[in-house]
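There are 2 protein chains.
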Amino acid sequence: MRQSILFTKTQKEAPKGEVARNAILLIRAGYIYKEMAGVYAYLPLGLRVFRNIERIIREEMDAVGGQELLLTSLQSQAVWEKTGRWSDDVIDNWFKTKLVDETPLGIASTHEEPLTNLLTHYASSHRDFPLYIYQFQTKFRNELRAKSGIMRGREFVMKDLYSFCRNEEEHAAFYARMKEAYTNVFKRVGIGEQTYFTYASGGSFSKASDEFQTVTDAGEDTIYIDEETRFSINEEMLDDEASLKKFNLSKEKLVAKKSAEVGNIFPLGTKFSEAFGLMYRDESGNEKPVIMGSYGIGLGRVMGTIVEVCADEKGLRWPHEVAPFSAHLVRLGDSETVLTAAEKTYEELLRAGKEIFYDDRKGVSAGEKLADADLLGMPMRIVVSEKTIAANAVEFRDRMDRRVSMVPYGEVFARIGT
Amino acid sequence: MRQSILFTKTQKEAPKGEVARNAILLIRAGYIYKEMAGVYAYLPLGLRVFRNIERIIREEMDAVGGQELLLTSLQSQAVWEKTGRWSDDVIDNWFKTKLVDETPLGIASTHEEPLTNLLTHYASSHRDFPLYIYQFQTKFRNELRAKSGIMRGREFVMKDLYSFCRNEEEHAAFYARMKEAYTNVFKRVGIGEQTYFTYASGGSFSKASDEFQTVTDAGEDTIYIDEETRFSINEEMLDDEASLKKFNLSKEKLVAKKSAEVGNIFPLGTKFSEAFGLMYRDESGNEKPVIMGSYGIGLGRVMGTIVEVCADEKGLRWPHEVAPFSAHLVRLGDSETVLTAAEKTYEELLRAGKEIFYDDRKGVSAGEKLADADLLGMPMRIVVSEKTIAANAVEFRDRMDRRVSMVPYGEVFARIGT
Numbered sequence: 003m004r005q006s007i008l009f010t011k012t013q014k015e016a017p018k019g020e021v022a023r024n025a026i027l028l029i030r031a032g033y034i035y036k037e038m039a040g041v042y043a044y045l046p047l048g049l050r051v052f053r054n055i056e057r058i059i060r061e062e063m064d065a066v067g068g069q070e071l072l073l074t075s076l077q078s079q080a081v082w083e084k085t086g087r088w089s090d091d092v093i094d095n096w097f098k099t100k101l102v103d104e105t106p107l108g109i110a111s112t113h114e115e116p117l118t119n120l121l122t123h124y125a126s127s128h129r130d131f132p133l134y135i136y137q138f139q140t141k142f143r144n145e146l147r148a149k150s151g152i153m154r155g156r157e158f159v160m161k162d163l164y165s166f167c168r169n170e171e172e173h174a175a176f177y178a179r180m181k182e183a184y185t186n187v188f189k190r191v192g193i194g195e196q197t198y199f200t201y202a203s204g205g206s207f208s209k210a211s212d213e214f215q216t217v218t219d220a221g222e223d224t225i226y227i228d229e230e231t232r233f234s235i236n237e238e239m240l241d242d243e244a245s246l247k248k249f250n251l252s253k254e255k256l257v258a259k260k261s262a263e264v265g266n267i268f269p270l271g272t273k274f275s276e277a278f279g280l281m282y283r284d285e286s287g288n289e290k291p292v293i294m295g296s297y298g299i300g301l302g303r304v305m306g307t308i309v310e311v312c313a314d315e316k317g318l319r320w321p322h323e324v325a326p327f328s329a330h331l332v333r334l335g336d337s338e339t340v341l342t343a344a345e346k347t348y349e350e351l352l353r354a355g356k357e358i359f360y361d362d363r364k365g366v367s368a369g370e371k372l373a374d375a376d377l378l379g380m381p382m383r384i385v386v387s388e389k390t391i392a393a394n395a396v397e398f399r400d401r402m403d404r405r406v407s408m409v410p411y412g413e414v415f416a417r418i419g420t
Numbered sequence: 003m004r005q006s007i008l009f010t011k012t013q014k015e016a017p018k019g020e021v022a023r024n025a026i027l028l029i030r031a032g033y034i035y036k037e038m039a040g041v042y043a044y045l046p047l048g049l050r051v052f053r054n055i056e057r058i059i060r061e062e063m064d065a066v067g068g069q070e071l072l073l074t075s076l077q078s079q080a081v082w083e084k085t086g087r088w089s090d091d092v093i094d095n096w097f098k099t100k101l102v103d104e105t106p107l108g109i110a111s112t113h114e115e116p117l118t119n120l121l122t123h124y125a126s127s128h129r130d131f132p133l134y135i136y137q138f139q140t141k142f143r144n145e146l147r148a149k150s151g152i153m154r155g156r157e158f159v160m161k162d163l164y165s166f167c168r169n170e171e172e173h174a175a176f177y178a179r180m181k182e183a184y185t186n187v188f189k190r191v192g193i194g195e196q197t198y199f200t201y202a203s204g205g206s207f208s209k210a211s212d213e214f215q216t217v218t219d220a221g222e223d224t225i226y227i228d229e230e231t232r233f234s235i236n237e238e239m240l241d242d243e244a245s246l247k248k249f250n251l252s253k254e255k256l257v258a259k260k261s262a263e264v265g266n267i268f269p270l271g272t273k274f275s276e277a278f279g280l281m282y283r284d285e286s287g288n289e290k291p292v293i294m295g296s297y298g299i300g301l302g303r304v305m306g307t308i309v310e311v312c313a314d315e316k317g318l319r320w321p322h323e324v325a326p327f328s329a330h331l332v333r334l335g336d337s338e339t340v341l342t343a344a345e346k347t348y349e350e351l352l353r354a355g356k357e358i359f360y361d362d363r364k365g366v367s368a369g370e371k372l373a374d375a376d377l378l379g380m381p382m383r384i385v386v387s388e389k390t391i392a393a394n395a396v397e398f399r400d401r402m403d404r405r406v407s408m409v410p411y412g413e414v415f416a417r418i419g420t
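Same order as they appear, the protein sequences are chains S and B.
Residues 3 to 420, numbered by the numbering used here, are exactly what the first sequence covers, in order.
Residues 3 to 420, numbered by the numbering used here, are exactly what the second sequence covers, in order.
Don't read these hints as lab results, they were simulated from the structure.
Note that identical chains are pooled: a pair holds if it fits in a single copy or bridges any two copies.
For lysine-lysine, the following DSS-like pairs were computed, each having C-alpha atoms within a straight-line distance of at most 25 Å:
hint : residue 1 : residue 2
1    : K36       : K98
2    : K149      : K98
3    : K290      : K11
4    : K36       : K316
5    : K100      : K18
6    : K290      : K364
Let the sequences and hints guide you as you build the complete structure.
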């Protein structure tokens, strides 16, 4: 894509009132736009990152047998009454609205109820299970405060998968596969090293849950890490002697670090299946409630965490698989020679199927272009200038490790991923 | 995909209270689920159709230079006050909600205001324009009645593109390109022949608008068609002598037909750019308001219309480019011979990169399987049975024209698109 065409521009100043580092950088770089606190639009470059994260998660969910659907944002009171969660006292961050005839509607904060209810129309025999069903859908949460940028929004897209199994063994086996799938996701989006599998308390549905926590000062949690095993526990479990013993952790070895929860998986038991009568008949004809599990990843949370973990003082640094473009081709100078060489390089890279962002802007200084390239954070910067032309090469610079090398024309393709 | 794994099942009966033919068929086939009137979830097969329509539209929008972003569903009162459209008297189908601190919020019914407002942060020079910006985003509309299935929902995804041009000539040129892009979209989704470019009145923004109307009894409109030129006018313009003359139409030649509006494009003029101060400085430094245009396609509307136009008395019939799968491989019989032959065919088709839905269900009668295949409506049905094995072939049946032919094994791949 040509940078001269892109409608967004970089901004030197952070927007007033924005305190989260991830949002400040993403807004300055033109990746997102703040509509109001906790509500962000995704601009073209940001949407490309978002879609890459979505694609990675989808591939991993499909690999464990997930079936994708798309539930609705408008939700019915009757469905939520079944579990008693319609009440604002139970879910305290509901957004609600109403039809013209005054019928109240919920605006989806989560989807356990609608999905369990839906499944009662399709599954009832032991032959219909197990099922693993997921979606990418917007969640609306009426947070009192929203100061974490895209890491905790009032409106955000979540991948939520729910598992429906016939017995505890089947549930445990799938739960273990999802741990692996999540590990793959965080590795692929580029924060695998900083992300720890974390034992945590379970909230209202279960005694315990398993979190994927990424070490970053922008996090709202504190985890205690055993670096040897890469296992950690959430602060709230630190004084639970039984848990420490269960996971063979010694309190003295644990190191406390600030972290952000990027994924959360936990058993739901039969709370929802019993409320909606989602039962199956086993081989002997006995009715049994389905055992459920819940597996969430907030896409904005992941994107914001990548920014927090990877960015440096010059700007964003995107891991290869989520980057909007593999490389940022920067033309320095507007002379006919440079123009011809840069255009030729761009066209050849495009023809070779590479995803290239091309700074073809005229009348913009070298300093400004290079600063923009640092802020925008494509994994590789490729400079074409009078100097590189004289050397019959282009200049490559890796945004992560900042290493610079001159690459002869013939070797350019091999150096860039697709 | 194996049908035995898919969680949805076909249903013989139409759901109570559902009156729209498109929704009845889609629900019976397990493509969608009715959450409430005008609010439908997309189940795995339905989501595949939906994504195909989305992909086609995206390709056509990118081809005319569209830049994709994703605006928010939660909207601010202040932004909408700028055009006076916050009032329920002006937009009578708003859904609204509020923050914990009682701040009112709009739930997006459309996005002209937020987008125009957003652009004032990025574009101000004549060099920044023209711009063509689009998104696929959910619209929420508090319709009094919702009886048209997925053709008119209270919650639905729309592709909305907005153009921002410097002068009328630039606007007219882009407007003409969008007409072509829309023509391509409707052709590719399989309703090109039934869809007419229609001159209509313009509502509150402009004197006239251009609609793409698809002839179907399920439509809410009536258009008057000149079959020779394939041009038509909306009923409301029939007595406008000036328009008839302008388009060289003679009233006697026009044939009235019921139709559904599948796309709508119209000039917005400077209404929004003036309200938000979206101006550009021309070469001489004079400030001028940007000239806007609006181009919408509702994805559910298109999908519902395809159903209304293409379905027959046995069920759905998907045009090739939007079908969830290119072919439905149906195994008749569970004998070892048939099982082996069907599995081998399935695996070979998958390896060849074909998108195949495979009815591998055991203990289901031939009649039931064939009826399901008709209802589900993949473009091609491929039967493997004792009979076809004896003939060293498979049976192909085209869902559209119902033509049946025996295809020798060696020629199977060539007969199925990707």
